[in-house]
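**Q** Chain residues, written in single-letter form:
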Amino acid sequence: MIKASVIKIEIVTGDSRPVFKQIIDGIRMEIAKGNLSAGSKLPSYRGMAMQLLINPNTVAKAYAELSSEGLIESKPGLGLFVVENKPKINESERKSKLQKAIDSFISETVSLNYSEQEIISELQISLKNINFVEKTEEHNDE
Amino acid sequence: MSDLCIETKNLTKQFGQKIALNDFSLNIAKGGIHAIVGSNGAGKSTLFRLLLGMESPTSGHSKLMGGFSESLSAKERGRIGYVNEEHTLPGWMKVEAVKKLQQSFYPQWNHNIYNQVIDHFDVDPKQKVSALSRGERAGFNLSMSLAQRPTLLILDEPTLGLDVVARQSFLEALMFAETEDDMTTIYCSHQMEEVERIAEQLIIMEQGRLTNNSTPEDFCKRINYWVTDWDNKKPKDKEIPGFLSRRVIDGRQHILTVDQGDNFSGYLKEQGASDIHQLPVNLERAVNAFLTANHKKPENLPEYS
Chain A
1 MIKASVIKIE IVTGDSRPVF KQIIDGIRME IAKGNLSAGS KLPSYRGMAM QLLINPNTVA
61 KAYAELSSEG LIESKPGLGL FVVENKPKIN ESERKSKLQK AIDSFISETV SLNYSEQEII
121 SELQISLKNI NFVEKTEEHN DE
Chain B
1 MSDLCIETKN LTKQFGQKIA LNDFSLNIAK GGIHAIVGSN GAGKSTLFRL LLGMESPTSG
61 HSKLMGGFSE SLSAKERGRI GYVNEEHTLP GWMKVEAVKK LQQSFYPQWN HNIYNQVIDH
121 FDVDPKQKVS ALSRGERAGF NLSMSLAQRP TLLILDEPTL GLDVVARQSF LEALMFAETE
181 DDMTTIYCSH QMEEVERIAE QLIIMEQGRL TNNSTPEDFC KRINYWVTDW DNKKPKDKEI
241 PGFLSRRVID GRQHILTVDQ GDNFSGYLKE QGASDIHQLP VNLERAVNAF LTANHKKPEN
301 LPEYS
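Chains as they are written, first to last, in my numbering: chain A, 1 to 142; chain B, 1 to 305.
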C-alpha cells in the first residue's frame, strides 16, 4: 500500500472562486512548485475532504478536472497519481491559458505603480524559485 | 424506477389569504447534499410537511422516491430522517433509553453508524438528555437519524446556535460517517460558509417560489457586480434589467444584477455610464443580494425555469 502524499493546500470560504476551483489551483501550484512530484499518490476523496472539511464529492469534482487536464491519472485499485509524463495540451489551448493568466496578472498588477522592469524582475525571481526555467528545458527535450 | 429523490409539480399550498407555496416545481436527484436557502417564511417548512404527506396541497402534487407523498407507506416513511434546529428530545430520559426507543421503531437500524457518529460528540449513554449541551443534543439527534439509514435526510438549520467546535463536529459527522451511498441530504441553512463547504446543489426559495436550483458556482455566475461612473441621467433602479441592488460608494455606482451576463456592460454604455468595471462575486454576496432584492420588491421575483 503506497501512502498518499501530504498536500499542503488550504481552502477559504467567502472567496469568489468556488471550493473545487481552489483545490484545482492549489494542487496545480503544488505540482508546479515540485512539492508534489511525478508519481506521488494523491489522498483519497475522503481523506482530502476530511483535511479540508468539505464534501468528498467536491474533491472528486476537482480530481476529475485535474485528470481531464492530464495532470493526474488513476491507477486501478491503487488510487490517483501525479502523472509521470507532462500532459500534452494542444498549442492553441496552451496559448490561450497563458494569455488568460497574463491578463489576470496584469489586471492585478497594473494599479500598483511598479515600473515594467520591477515587475519583470520580481516575476523572474518567482519563476526561478519554482525552477520554472529548468522545467521548460525539460519540456523542450521531449 | 425514478432517479429523483424529490419531485414536486406545480405544488401550491394556501392558508387562507396567504400563499405558502406558489406553483412550486422542484426536482432533486438522488444522492448528494442539496442546500436549501431561503428567508424565514419562504415556505421551507410547508414544503417539508407536504413532502412527508403531513398536509395536503391546495393543488399540484409531490413525490418522494417515486411515490406520491400522500400515500407513503409506513416503511417508506421509516426511510426518511429529519433533524431540526430545536433538537427536541425528552429531557427526563437517559440517552441510552432514548436510543433504545428510537431503535425499536426502525428495523434497519445500524449500530456501527450510530457509534461512529456519536463518537464525534462527548455524549455519555448514562446521561440524562436534559444534561446534554445544545451541540451534544444535535450530535445525538444526528447519530440516531443516520443510524436509521435514511434514503432521505432532511436537516433544518441543524447547526443553529451551536458553537464553533460543535458545528465542526456536526459537519464532520454528517459528511464522513460511512452511511448509505444513495442517501440524499437536504440541508437548510443560512450559513453560507457551511453551504460552500458541503453543498453540491443550491436551491433557493423565496416567498413560496423556487428561484434557483443549480450548483453553487452556477448560481454565482448568474450574479454580476458592476462598478461604474454614472451621472444623473441614469435610469431608475426598477428600469435596470435584472436589478438587484445599488449602492453609491465614493461617488461610484456599485450595482448587482442577475441573469444579465457580461453583455450588461453594453447596456451600461448605452445608458451613458462610463469607466465600467466588473468585480468578482462570492457566494455569500450573491445569495444576499438575491434575497435582499426580492425582500424589497416582491412583485419582481425573477422566475427560475
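Because the hints were derived from the structure by calculation, they are not lab data.
Among the clues, some could well be false.
Said to hold, decoys possible - Computed beta-carbon distance windows for the label pairs:
| # | chain 1 | residue 1 | chain 2 | residue 2 | range |
| --- | --- | --- | --- | --- | --- |
| 1 | B | Glu178 | A | Leu112 | 47 to 55 Å |
| 2 | B | Phe105 | A | Pro76 | 53 to 61 Å |
| 3 | B | Pro280 | A | Gly47 | 40 to 48 Å |
| 4 | A | Arg94 | B | Pro107 | 27 to 35 Å |
| 5 | B | His190 | A | Gln117 | 48 to 56 Å |
| 6 | B | Ser104 | A | Glu10 | 42 to 50 Å |
| 7 | B | Pro280 | A | Glu10 | 14 to 22 Å |
| 8 | B | Tyr267 | A | Gln124 | 40 to 48 Å |
| 9 | B | Pro125 | A | Lys33 | 45 to 53 Å |
| 10 | B | Asp119 | A | Ala38 | 19 to 27 Å |
| 11 | A | Ala38 | B | Ser2 | 43 to 51 Å |
| 12 | A | Glu93 | B | Gly261 | 20 to 28 Å |
| 13 | B | Glu239 | A | Gly47 | 48 to 56 Å |
Stated by the list, open to error - Just a sample of chain A residues kept apart from chain B, beta carbon distances all over 10 Å, derived:
| # | residue |
| --- | --- |
| 14 | Ile54 |
| 15 | Thr58 |
| 16 | Arg94 |
| 17 | Ile106 |
The C-beta atom is built at its ideal place from N, Cα and C for all residues, glycine as well.
**Q** With reference to the structure, classify each hint as holding or not holding.
**A** Okay, the hints, checked on the actual structure:
1. Glu178(B) / Leu112(A): 47 to 55 Å: 50 Å, holds
2. Phe105(B) / Pro76(A): 53 to 61 Å: With Cβ atoms ~42 Å apart, the hint is violated.
3. Pro280(B) / Gly47(A): 40 to 48 Å: The hinted range 40 to 48 Å is violated for Pro280(B) and Gly47(A), with Cβ atoms some 30 Å apart.
4. Arg94(A) / Pro107(B): 27 to 35 Å: 59 Å, violated
5. His190(B) / Gln117(A): 48 to 56 Å: About 50 Å separates the Cβ atoms of His190(B) and Gln117(A), which means 48 to 56 Å holds.
6. Ser104(B) / Glu10(A): 42 to 50 Å: 45 Å, holds
7. Pro280(B) / Glu10(A): 14 to 22 Å: 19 Å, holds
8. Tyr267(B) / Gln124(A): 40 to 48 Å: For Gln124(A) against Tyr267(B), whose Cβ atoms are near 42 Å apart, the range 40 to 48 Å holds.
9. Pro125(B) / Lys33(A): 45 to 53 Å: 49 Å, holds
10. Asp119(B) / Ala38(A): 19 to 27 Å: About 38 Å separates the Cβ atoms of Asp119(B) and Ala38(A), which means 19 to 27 Å is violated.
11. Ala38(A) / Ser2(B): 43 to 51 Å: Given about 45 Å between the Cβ atoms, the range holds.
12. Glu93(A) / Gly261(B): 20 to 28 Å: Holds - the Cβ-Cβ distance for Glu93(A) and Gly261(B), about 24 Å, lies within 20 to 28 Å.
13. Glu239(B) / Gly47(A): 48 to 56 Å: The hinted range 48 to 56 Å holds for Glu239(B) and Gly47(A), with Cβ atoms some 52 Å apart.
14. Ile54: Violated, since 5 Å does not exceed 10 Å.
15. Thr58: At roughly 7 Å from the nearest Cβ of chain B, Thr58(A) sits no farther out than 10 Å, so the non-interface label is violated.
16. Arg94: 24 Å, holds
17. Ile106: 15 Å, holds
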